[in-house]
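Visitor: Line by line, the protein sequences are chains A and B.
The number in my numbering is simply the position in the first sequence, starting from 1, with 223 added.
The number in my numbering is simply the position in the second sequence, starting from 1, with 22 added.
One or more of the hints may lead you astray.
[Said to hold, decoys possible] The list that follows gives simulated cross-link-like pairs (lysine-lysine, DSS-like), each with its CA atoms no further than 30 Å apart:
{"id": "1", "chain 1": "A", "residue 1": "Lys278", "chain 2": "B", "residue 2": "Lys127"}
{"id": "2", "chain 1": "B", "residue 1": "Lys127", "chain 2": "B", "residue 2": "Lys65"}
{"id": "3", "chain 1": "B", "residue 1": "Lys112", "chain 2": "A", "residue 2": "Lys278"}
{"id": "4", "chain 1": "B", "residue 1": "Lys65", "chain 2": "B", "residue 2": "Lys112"}
{"id": "5", "chain 1": "A", "residue 1": "Lys278", "chain 2": "B", "residue 2": "Lys65"}
{"id": "6", "chain 1": "B", "residue 1": "Lys112", "chain 2": "B", "residue 2": "Lys127"}
[To be verified] Computed far set for chain A versus chain B, every beta-carbon distance over 10 Å:
{"id": "7", "residue": "Arg306"}
{"id": "8", "residue": "Ala307"}
{"id": "9", "residue": "Thr311"}
[Claimed, not checked] Covered, in the sense of this in silico footprint (three residues per stretch, anywhere, with C-beta under 8 Å from a C-beta of chain A), are these stretches of chain B:
{"id": "10", "stretch": "54-67"}
{"id": "11", "stretch": "103-116"}
{"id": "12", "stretch": "187-195"}
{"id": "13", "stretch": "216-226"}
Hints are computed from structural coordinates only; laboratory data are not their basis.
All values reported here derive from a predicted model rather than from experimental measurement.
Quick reminder that beta carbons are idealized off the backbone N, C-alpha and C, glycines included.
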Amino acid sequence: MNGAGGFPHGDDGGEAEDALLEEELRQAAAVLDPVPDALRQLALDAYALHDLDAKIAELTFDSLVDALPVRGVTDAPRMLTFRAGRVTVDVEVTGDGLMGQVMPPGSARIEVLGGPGTARPVTVDTLGRFTSEDPPSGPFALRLRTGTEVIVTEWLRA
Amino acid sequence: MRAGTLRSTAYDDEPYTRGGAVDRTEVGALVRSAVDGDAAAWKALVEGMSPLVWSVVRSHRLSEADGRDVYQTVWFRFAQHLGRIREPDKTGAWLASTARHECLKVLRGNTRLTLTDDPQVLDRASEDRTPEQTLIDSEEAADRAERARRLWQELDELGERCRQLLRVLVASPPPSYVEISAALGIAVGSIGPLRQRCLRRLRARMDQRGAA
């Protein structure tokens, strides 16, 4: 519970006032800065993304975090690498779209997911290279169907 | 859990402090039920934990669009990882920590790209959404709404550390210190003293304002 931290100097009831003010702020937050209804609805709909059969490809490299910024370059593409077992997916996101490659090379069906119920197929060549001319406009994930398995990359915002 | 009830705008009826809350001890059980396909459990999780996720987003002062993206990313990823969450009882901390990391990434990306500052964000409460209008039914309610607005304004000017802490602290239902720690990347042990200092600073500012 909040306020359980010690007040070693024999608090003089200040804590009661603190708790009141905290509660007042809580009510103010609920009225003045609530979770927007549309967003809460999106979170409710996100239950559809729960898919125990799909493997998750975890993000193992993100240029935003793992690469040193290059001086003077402000619009460097976002480079991402996801990995699920032996399968690696490299993705490059720019303002012009998205391109990438699945390793080991091979054919797969790939879709770009934009949220629950939004999936757009992308073309993949026989080497597992793919491109999409629509840059993701928010959180996205890739769903790969190889011959034997379904892999979904971790959701992230490009 | 009063699932499905609309957010109330009246201070007299406080769904966010009573009844509308997911008891944190239930969270692990709700996660397990959701894994097994119980949509009502998922709904209860969203209703109960959304304010925490939102508070983390808001505490990082993202633009409106970035904040929406982060909020969605957190829930999409949670849905994706559901069933693989190692400690379902600590879901609140998982959500808070994921939200924090996504916020930091967005901030990092923004400084590397052009700074698209969105000054409107800070005034959000005073824009079209003025739920307080609806509660000016009585003078008393109006006074309370006015005080709430002043509190909110003072909070905004309290200094980053305090503003961040208090914004997350006052999510509904009240987050645990472990969740706050995950949300802000600060030690659990520092939260109590910081909370006290920040609340007292805020009260002093309110008193000063009242006296002026």
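Visitor: Now look at each hint and say whether the structure bears it out.
Guide: To see whether the hints hold, each was checked on the structure:
1. Lys278/A - Lys127/B: Roughly 24 Å separates the two Cα atoms, so the pair holds.
2. Lys127/B - Lys65/B: 28 Å, holds
3. Lys112/B - Lys278/A: 23 Å, holds
4. Lys65/B - Lys112/B: 18 Å, holds
5. Lys278/A - Lys65/B: 24 Å, holds
6. Lys112/B - Lys127/B: 23 Å, holds
7. Arg306: 15 Å, holds
8. Ala307: Non-interface label stands for Ala307/A: nearest chain B Cβ at 12 Å, farther than 10 Å.
9. Thr311: 19 Å, holds
10. 54-67: Holds, because 5 residues of the stretch 54-67 of chain B bring their Cβ atoms closer than 8 Å to Cβ atoms of chain A.
11. 103-116: Held - the stretch 103-116 of chain B has 4 residues with a Cβ nearer than 8 Å to chain A, which meets the minimum of three.
12. 187-195: Holds, because 6 residues of the stretch 187-195 of chain B bring their Cβ atoms closer than 8 Å to Cβ atoms of chain A.
13. 216-226: holds (count 6)
Of the numbered hints stated above, none is contradicted by the structure.
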